[in-house]
Amino acid sequence: MSVGTIAASPARTASPRNIGIAGLVMGSLAWVITLPPILVRTPVPSVILALLAMVAGAIAAVNGERRIGIGGFLLAVLALGLAFANTNAGVGHLKLVFTWSVLVAAMLRYATPLLFAALGGIISERSGVINIGLEGMMLMGAYFGIWGADVFHSWALGCLVAIASGGLLALAHAVFSISLRGNQVVSGTGINFLAVGITGYFFIAHYGNNGTPSNISQVPNVKLPLIQNVAFFGDAIGNTNLLTWIGLALVPVLSVFLFRTRWGLRLRAVGEKPRAADTVGLPVIPIRYAAVIVSGMFAALGGAYLSVGFVGSFNQNMTEGRGFIALAAVIFGKWRPAGALIATLIFGFGSALANRLPTFSQSLGTLFQALPYVLTLVAVAGVIGRSRAPASIGIPYVKE
Amino acid sequence: MSTLDEETQADALAEEEATGAAVTSPARLTAYARGARGVLVPILTTLIAFIVGGFVVLLTGHNPFSTYKAIFQGTGLQWIFPWVTGASRTTAAFDLQQTLISTTPLILVGLAVAFAFRAGLFNIGGQGQYTVGGITAVWIGSSFSSMPPVLHITIAVVAAGLAGAAWAGIAGILKAGLGVNEVISTIMLNWIAIWGGVFLFGLGGPLQDPHQKSVPVSSTVVSSAKLPVFWGNAALQGLHIGLFIALAGVVVFWVILSRTRLGYEIRATGLNPDAASYAGINVAKNYFMAMAISGTFAGVAAAMDILGWKFNLFTNDIQASTVGFLGIAVALLGRNTAVGVVFAALLFGALETGTSDRFLDPSVFDPNLASNLTWMIQGLIVLLVSTDLIALKILKSGRGIRVIFKRRAKREEATA
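Chains as they are written, first to last, in the numbering used here: chain A, 428 to 827; chain B, 52 to 467.
Read the hints as simulated data drawn from the structure, not as lab findings.
Treat the hints with care, as some may be off.
[Unchecked claim] Mimicking SDA-like on lysine to any residue, the simulated pairs with C-alpha atoms at most 25 Å apart in a straight line are:
1) A:700 to B:229
2) B:361 to A:790
3) B:120 to A:635
4) B:336 to A:747
5) A:700 to B:325
6) B:336 to A:805
7) A:522 to B:254
8) B:361 to A:805
9) B:264 to A:805
10) A:700 to A:816
11) B:264 to A:635
12) A:761 to B:230
13) B:264 to A:700
[Stated by the list, open to error] Some chain A residues close to chain B (C-beta under 7 Å, calculated; not the full set):
14) 523
15) 603
16) 610
17) 612
18) 621
19) 623
20) 628
21) 758
22) 794
23) 800
24) 803
For glycine and all other residues, C-beta sits at the position ideal for the given N, C-alpha and C.
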């Protein structure tokens with residue numbers, strides 16, 4: 428038997444990559460089996476699974492699959508810790524926190540605003556313009572969405588007003604960062620300050636200290652009669668907000684647009700090599716303008732979900748840093764719509780869990796709120812595969 | 052005055068003629084630090100922002116002049132005028148003390164952001180470093196009840212500074228070692244610090260005040276760690292000596308940058324990392340040092356607030372605080388120079404005090420509106436300083452508008 432066949436034949440079944448993936452699966456299982464509905468009450472099976480996962484991760488890492496290997500190893504360590512915590516906790520508490528259908532529904536609720544803003548961020552950043560101002564654009568959508576819904580007595584018009592307001596603020600960002608060639612990070616920071624001021628000012632000027640009225644038209648939930656009574660799915664997705672479905676639908680749409688259409692290619696070309704794009708006759712500046720404005724519209728719709736979609740009211744600075752989580756999702760998802768979806772679902776799940784953990788331990792839930800940021804920091808540090816930004820991001824383009 | 056900046060500026064200006072391009076890099080934002088224009092542009096920027104803010108006030112049916120006048124009177128700055136006497140002088144003195152209390156941390160966070168800028172780094176993490184510094188200061192300030200005051204204060208301030216340095220240092224190491232963009236890492240570190248603080252002092256958290264189990268707050272700073280008050284009544288929140296510590300920070304900032312080898316290397320790195328590296332400067336080390344020193348300023352800023360007048364830390368205070376973010380505006384308006392930061396901090400400190408509901412006459416203008424007006428003005432100022440084109444065009448000095456860095460343009464061309 429030659430060396431070649433030895434190397435080649437295990438490649439299909441036991442390649443470092445497959446071993447690494449097996450490690451990831453075993454690591455996850457080590458945690459999952461201690462949760463409802465399985466509820467293993469002793470840590471022994473988890474320890475065995477986690478150790479196997481660590482070995483698999485180490486093998487994969489040594490044999491060239493560094494990303495999956497190290498990721499699997501770290502996941503196993505984390506899962507082991509969580510499994511010990513679970514086996515020591517009361518069954519009643521676990522069942523209360525890990526009601527999966529409720530968790531999934533909450534995950535979707537938390538993920539929706541992040542998803543819209545993250546998709547917007549992808550569009551802007553793919554065209555080469557950093558959008559730190561997502562937070563401010565969301566806030567604009569949150570206030571002007573509810574104002575529009577109140578004034579025109581229609582949630583649909585409210586959403587349109589939100590989209591327009593976000594686009595308008597994004598236009599300011601575009602003027603300063605594209606035409607005036609300002610520093611995009613500085614401009615975005617200014618946009619965020621400005622949005623806090625504008626929304627707060629008009630909110631107080633229009634509604635005073637009474638807040639928004641309680642009878643504002645809200646974006647309806649989509650009731651799926653077929654699965655409403657199905658055990659798990661009924662509670663999880665049977666009664667979900669319309670905007671959540673729109674957000675989820677936008678992911679494949681944007682994916683196809685970016686990677687399968689001519690205009691998507693042009694957008695990416697402008698963000699990677701604007702000089703080359705210009706040379707073949709693409710209008711670099713207008714494309715960047717369009718991208719930034721559309722990104723503001725997306726982010727504003729995410730903000731509108733918070734006010735018109737979910738709570739039905741507005742309070743000052745109600746986005747509370749969600750724009751920055753969306754920014755994290757853009758980076759964590761490697762500037763891809765599908766990646767951003769996964770990132771926002773993970774972050775949303777973290778928030779959903781954080782929201783339910785106080786029944787269990789008051790302080791522990793808070794730490795889960797930091798999860799998106801820690802994960803993103805780890806991701807940009809390159810431990811689990813480095814995120815690479817579009818090549819010309821942050822650099823204003825000057826036509827020769 | 053160093054020749055380094057001047058040469059690079061001259062270089063950049065020559066470059067501008069050749070390429071006709073402009074890039075507002077962090078270092079470029081300091082390029083106008085000197086000369087009359089360096090003073091005029093920020094003043095003009097501020098004026099534009101106030102005028103736009105005035106129009107918003109006008110549009111919503113208020114008188115902008117009486118509004119601004121009431122805000123000014125709330126700041127207490129009229130104290131410097133000799134003709135203000137009697138009871139109004141007493142009130143003005145109290146108001147001015149509050150303005151300077153707000154100015155103190157703003158000077159330090161402004162220095163923090165400015166210092167990183169001079170190394171070509173954008174430290175958006177001032178808020179996180181401020182938070183970590185505050186957590187450390189309140190922890191040490193509320194422990195050790197029988198320590199001599201000078202020692203206790205020194206330990207608390209130094210520890211807060213080190214905590215800020217360590218927090219910023221994480222971003223510095225990631226930048227130096229792995230090339231991670233410091234904008235992204237410092238944003239993430241901000242929110243990790245904020246949620247970490249909420250965890251520590253929140254209900255059931257490890258550092259929550261053991262005497263009030265139902266309130267999410269830290270323990271209270273003991274009297275030996277409180278900064279002495281030198282102007283006004285200590286019981287009525289008089290002005291503490293933190294102002295002098297902040298002004299000492301200004302001197303330290305200037306000395307490090309302009310009078311030490313480290314400062315020279317940091318500035319060289321900021322102006323052109325490739326050239327600095329070619330000249331034998333350890334760019335990675337300087338990135339780390341710049342971030343660590345930057346974080347020290349932010350950490351000390353929080354110690355001034357905690358030991359000077361707050362004395363404890365509520366979790367919703369941690370979440371609502373914006374001091375570190377304002378540091379960005381202060382640094383940019385102050386042109387990343389030591390003196391500029393002081394004046395910019397005074398402006399923002401005065402705005403904050405003048406528009407707060409304690410000092411603004413509600414019969415003239417609703418303080419809730421005014422505080423949002425402040426946000427708008429601050430946002431406009433930051434937007435306008437992101438590019439100096441508008442202010443410069445008004446000054447009709449077309450020559451200085453277009454500046455670009457050789458390397459970046461060439462790199463872009465080479466890859467294009």
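Results of checking the hints against the structure:
1. Our distance criterion of 25 Å between C-alpha atoms is met by residue 700 of chain A and residue 229 of chain B, whose separation comes to about 24 Å.
2. Simply put, residue 361 of chain B and residue 790 of chain A have alpha-carbon atoms about 24 Å apart, close enough for the 25 Å limit, and the pair holds.
3. Between residue 120 of chain B and residue 635 of chain A the CA atoms are separated by roughly 23 Å; this keeps the pair inside 25 Å, and the hint holds.
4. Our distance criterion of 25 Å between C-alpha atoms is broken by residue 336 of chain B and residue 747 of chain A, whose separation comes to about 35 Å.
5. For the proposed pair residue 700 of chain A and residue 325 of chain B, the alpha carbon gap of about 21 Å is at most 25 Å, so the pair holds.
6. For the proposed pair residue 336 of chain B and residue 805 of chain A, the alpha carbon gap of about 22 Å is at most 25 Å, so the pair holds.
7. With a C-alpha separation of about 23 Å, the suggested pairing of residue 522 of chain A with residue 254 of chain B holds against the 25 Å cut-off.
8. With a CA separation close to 34 Å, the supplied pair residue 361 of chain B and residue 805 of chain A exceeds the 25 Å bound.
9. For the suggested pair residue 264 of chain B and residue 805 of chain A, the alpha carbons sit about 35 Å apart, so the restraint of at most 25 Å is broken.
10. Only pairs whose Cα atoms come within 25 Å are accepted, and residue 700 of chain A paired with residue 816 of chain A is accepted, the gap being roughly 13 Å.
11. In summary, the hint linking residue 264 of chain B to residue 635 of chain A is not supported, as the alpha carbons are separated by about 35 Å, beyond the 25 Å threshold.
12. Pair hint residue 761 of chain A plus residue 230 of chain B holds up; C-alpha atoms about 16 Å apart against a cutoff of 25 Å.
13. Restraint check: the Cα-Cα separation between residue 264 of chain B and residue 700 of chain A comes to about 58 Å, which exceeds 25 Å; the hinted pair is violated.
14. At a threshold of 7 Å, the smallest CB-CB gap from residue 523 of chain A to chain B is about 17 Å, leaving the interface hint violated.
15. Below 7 Å, beta-carbon pairs count as interface contacts, and residue 603 of chain A has one with chain B at about 5 Å; its hint therefore holds.
16. Among the interface hints, the one on residue 610 of chain A holds; its C-beta lies about 4 Å from the nearest C-beta in chain B, closer than the 7 Å criterion.
17. Taking 7 Å as the C-beta contact cut-off toward chain B, the hint placing residue 612 of chain A at the interface holds, the least distance being around 5 Å.
18. Interface hint at residue 621 of chain A: satisfied, since its Cβ lies 3 Å from the closest Cβ of chain B, which is below the 7 Å cut-off.
19. Below 7 Å, beta-carbon pairs count as interface contacts, and residue 623 of chain A has one with chain B at about 5 Å; its hint therefore holds.
20. Here the hint on residue 628 of chain A is kept, as its CB sits about 4 Å from the closest CB of chain B, short of 7 Å.
21. Look at residue 758 of chain A: its Cβ gets to within about 6 Å of chain B, closer than 7 Å, so that hint holds up.
22. The beta carbon of residue 794 of chain A comes within 5 Å of a beta carbon in chain B, closer than 7 Å, and the hint placing it at the interface holds.
23. For residue 800 of chain A, the interface hint holds, since its Cβ comes within 7 Å of a Cβ in chain B; the closest pair sits about 4 Å apart.
24. Proximity of residue 803 of chain A to chain B holds as hinted, the smallest CB-CB distance being about 5 Å (cut-off 7 Å).
Checked against the numbered hints given earlier, this structure breaks hints 4, 8, 9, 11, 13 and 14; the rest are met.
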